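**Q** So you can see what is in the structure, the chains are spelled out below.
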Amino acid sequence: MASMNSVLFISFLLFSVGVAGVLIRRNVLIILMCVELMLNAANLNLVAFARHSGTVAGQAFALLVMGLAAAEVAIGLALVVALYRKKDTIQVDQINLLKG
Amino acid sequence: MMQATVSAAPIQMVLSTPLHSSVLWLIPFLPAFGALVNGLTGRWARNTRLVDAIALGSVALSFLLVLCCFARLLGQAPADRSVNQTLWTWFDLGGAHVLGGLSQNVMAWAYKFDPLSGAMALLVTGVGFLIHLFSTGYMADERKNGEYYRFMCYMNLFVFSMLNLVLGANMVIMFLGWEGVGLCSYLLIGFYFEREYAAIAGKKAFVTNRIGDFGFMIGFFLLFMIYGAVDFDTLMGMTRGVLARPEITLFGYSHAPTWWFNLAGCCLFLGACGKSAQIPLYVWLPDAMAGPTPVSALIHAATMVTSGLYMITRMNFIYANAPVALAVVLVVGSLTAIVAASMGLAQYDIKKVLAYSTVSQLGYMFMGMGAGAFSAGMFHVFTHAFFKAALFLGSGSVILACHHEQDMRNLGGLRKKMPWTFASMGLATLAIAGIFPFSGFFSKDEILWQVFEGWYRGGSTLNLACWIVGMLAAFMTAFYMVRLMVMTFFGDYRGAGHDPYGLTVPSEVHHASHDDAHGHGDHGHAAHGPQEVVWNMWVPVFILAVLALVGGFLNIPHSLHWIGSSHFTAWISPLLFQVHAPEAHEAAPAMEYILMLVATVVWAPAAMILAWFLYGRDPSWSRPKAFVKRFPNLYRWCNAKYYVDEFYEAALIGPCKQLGAQLWRFDSLAVDGMVNGAAKFTLILCRVFHWIDARIVDGLVNLVAWVLQQVAQGFRRFQSGRVQNYAFVMFIGFLAFAFWKFLV
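Residue numbers (the working numbering), protein chains in the order written: chain X, 1 to 100; chain A, 1 to 744.
Please keep in mind that the hints were generated in silico from the structure rather than gathered at the bench. This structure is a prediction, so every number in the text was calculated from the model and none was measured. Positions of the beta carbon are idealized from the N, C-alpha and C atoms, including for glycine. Treat the hints with care, since some could be wrong.
Said to hold, decoys possible - So the derived list for chain X, only partly shown, Cβ under 10 Å to chain A, looks like this:
| # | residue |
| --- | --- |
| 1 | Val17 |
| 2 | Val22 |
| 3 | Ile31 |
| 4 | Arg85 |
| 5 | Lys86 |
| 6 | Lys87 |
| 7 | Thr89 |
| 8 | Ile90 |
| 9 | Val92 |
| 10 | Ile95 |
| 11 | Leu98 |
| 12 | Gly100 |
What the hints assert, rightly or not - A few chain X positions that, by computed beta-carbon distances, are all more than 10 Å from chain A:
| # | residue |
| --- | --- |
| 13 | Ser6 |
| 14 | Ile24 |
| 15 | Leu64 |
| 16 | Leu68 |
| 17 | Asn96 |
| 18 | Leu97 |
To be verified - Using C-beta positions, here's what the derived DEER-type ranges look like:
| # | chain 1 | residue 1 | chain 2 | residue 2 | range |
| --- | --- | --- | --- | --- | --- |
| 19 | A | Gln710 | X | Val80 | 34 to 44 Å |
| 20 | X | Met4 | A | Gly714 | 43 to 53 Å |
| 21 | X | Gly54 | A | Gln719 | 14 to 24 Å |
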């Protein structure tokens, strides 16, 4: 049985990898994957705290987040396809219409 | 008996009912209508007969209406002989600040038909109609060039204005007519305005009349200040009350009422001098002969020039109480009578002789007024209108028959060629010379007697002096009239090159520099000598001559009461202000008979015989020529009208022009300079303001914009447009928030 701390540490690592990916990587697909990583880090936290407190609310939340993440990915990928059709690229640094 | 009363009753009723006053306004407005219709549509009228019908028809209708009103007036008691009609309120007098308050608050457009204005209206429309009829023949040349309607329109407008003048119930309507006739006179004198001398003559008449009108207006304002009313009836009714005041204070000066009456009377007389051509304002009338001859007859002999006399008779309540003003009228009248008559002696232009004769006769009328004999002066207005209109129209016939030749030296011998014209003018000449029983005898000798009586009954010697002057002028009148007749109608016709005595002068007709000379060679009768004019020209002249013959019997002096009675004096008398209670007629003094006899049997015939002797008996005119050679300066002065025009030119008009030129120079230098200077200053100021605007105001605005731009340049760097940058900032913010939360 893994201790609470080790689970939280794993979750922290996962989240950090996700944040770093979102901030650093340029490929939109990778960014979306990193967002998934952050969501799953949060899921891991939720499940761990649910286990720790002996309630099931956290597990239910984790399930909800998974459903939500599936929907988000569907929309996100659709946007990526649309973006690609429009701009012929999925590199974020090349999409800077808001530059002042 | 019963039958008689029944049949008499309706007539009695018609005569005694108040005059149906609603037709009164038609009398002046019919000619106005004629003028309007002809003036607006005459230009397009194909047939000038239509213009004739409107112009003559309106005046004739108006004449008939006057006749009806006059007949009704005759049927009434002397005191009731007045019909007033108020058409509308012209303007509100408001709160005019006059002495003793206003007697009337509104100024009405009102007409008044009483013995005086009725008689004048009869004269204006009656003589006016005859002269309109004459014009249809005289102005025949104008039918072709489309100017005819303009002439008839002006003539009708004149009749309208003159009727306003005489029928107006108050001074303002009278003044309206007064100005209206002045305008029509100007328009008609300058009818041939393409000729410079006619335009100048019209201008001269207008400007001279302006001077008189100035006096008239001052007089009329004075009366308004004193009475607070302008209505003739009100004024006359208030006069006794005004005279009863111990003194009247106006503009800070206190004087007796008589003093103010004298002042107002003199001012009004200045107006009469302008309109009725008296010294010093008579100069325009001889020049006014530049107009067509019917105009000279209607305006400058019969009607308009008598408006001054009419005004004085209307205002008799002022003059009867203003002895100084009356003396001025007397002196000016007699001076004018003799000065103008002496000028007439040396003129060769037939119309000029008649013009000076008119001025002289007007002087007589004023003389009568000045002697306090208003009805005698007024009666001479009527007789003079008849004989002078006849003379003018006759001269018009002569001028037309002789192809616009006006110089009497080039006429002559027309007696057999133009019998009707000769007869008419002959009758009129006898009338103007004062031969019994022609009308001039009754009117002129009445005036002279009234002047003489003023001295004879213990008055001032001024009257005697004026009477002597008047008698001399009467002698001259008879002389120049017979001279005119002899030169024009006796001897042989000198116009066709037949001139055994070398009397003719180069005709001025052909260089068109003389009166009335218009478009020549289109007459068709140029081939043959002068002959009688068409019926519509000689008939009016003859009617007027007959009137001149019989007109005198309307007012026979009291001393000749076995011939008839003095209808006219009795007719006018209710309108005259009675200073004293009317006294019973005493028997005429023997002196009156003697003077009358002398005047008509010795004095006038002597002048006429002298003229006949000098010009008729001797067709070479050797004695007048010798006289001129003997006294060249006397002749030159008379012929040149005593150089009065030249004197006015040098003494008044020249300085006025000089003053005008100086003022113009002042204007162009100082006033224009100031205006231009102001403009230049403004321009410079504007340039300064422009610089301030462009540099400082715009600069500030641009500075603000520039600063904003610079600041924005700094800030725009933050907007990289990269989503990851934004996410990073968000993340940093989140971390900072968490860190802060963790700490606190």
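**Q** For the hint on X/Ile31, just tell me whether its beta-carbon gets within less than 10 Å of chain A.
**A** This hint holds: X/Ile31 lies near chain A, its Cβ roughly 8 Å from the closest one there, short of 10 Å.
**Q** Verify the interface restraint on X/Thr89: the C-beta must sit less than 10 Å from at least one C-beta of chain A.
**A** violated, 14 Å
**Q** Would you assess whether X/Leu68, listed as outside the interface, keeps its beta-carbon beyond 10 Å of every beta-carbon in chain A?
**A** The claim stands: X/Leu68 keeps its Cβ more than 10 Å from every Cβ of chain A (closest is about 20 Å).
**Q** Hint X/Val22 vs chain A: min CB-CB distance below 10 Å?
**A** Hint on X/Val22: holds, closest Cβ of chain A at ~6 Å, below 10 Å.
**Q** In this structure, is the beta-carbon distance linking X/Gly54 and A/Gln719 contained in 14 to 24 Å?
**A** violated, 50 Å
**Q** Does the nearest C-beta of chain A fall within a distance shorter than 10 Å of the C-beta of X/Val92?
**A** X/Val92 check passes; min Cβ-Cβ to chain A is 6 Å, inside 10 Å.
**Q** Quick one: work out the minimum CB distance from X/Ile24 to chain A and report holds if it exceeds 10 Å, violated otherwise.
**A** violated, 8 Å
**Q** Is the shortest C-beta separation between X/Arg85 and chain A less than 10 Å?
**A** Hint on X/Arg85: violated, closest Cβ of chain A at ~19 Å, above 10 Å.
**Q** Against chain A, with CB atoms and a cut of 10 Å, does the hint on X/Ile95 hold up?
**A** holds, 7 Å
**Q** Given X/Gly100 as an interface hint, is the shortest Cβ-Cβ distance to chain A below 10 Å?
**A** This interface hint holds because 3 Å falls under the 10 Å limit.
**Q** Hey, does X/Ser6 actually stay past 10 Å from chain A on C-beta?
**A** holds, 22 Å
**Q** Under 10 Å, Cβ to Cβ, is where X/Lys86 needs to be relative to chain A, so tell me if that hint holds or is violated.
**A** For X/Lys86, the interface hint is violated, since the closest Cβ of chain A sits about 15 Å away, which is over 10 Å.
Violated hints, listed in ascending order, are 1, 4, 5, 6, 7, 8, 14, 17, 18, 21; each of the other numbered hints is respected by the structure.
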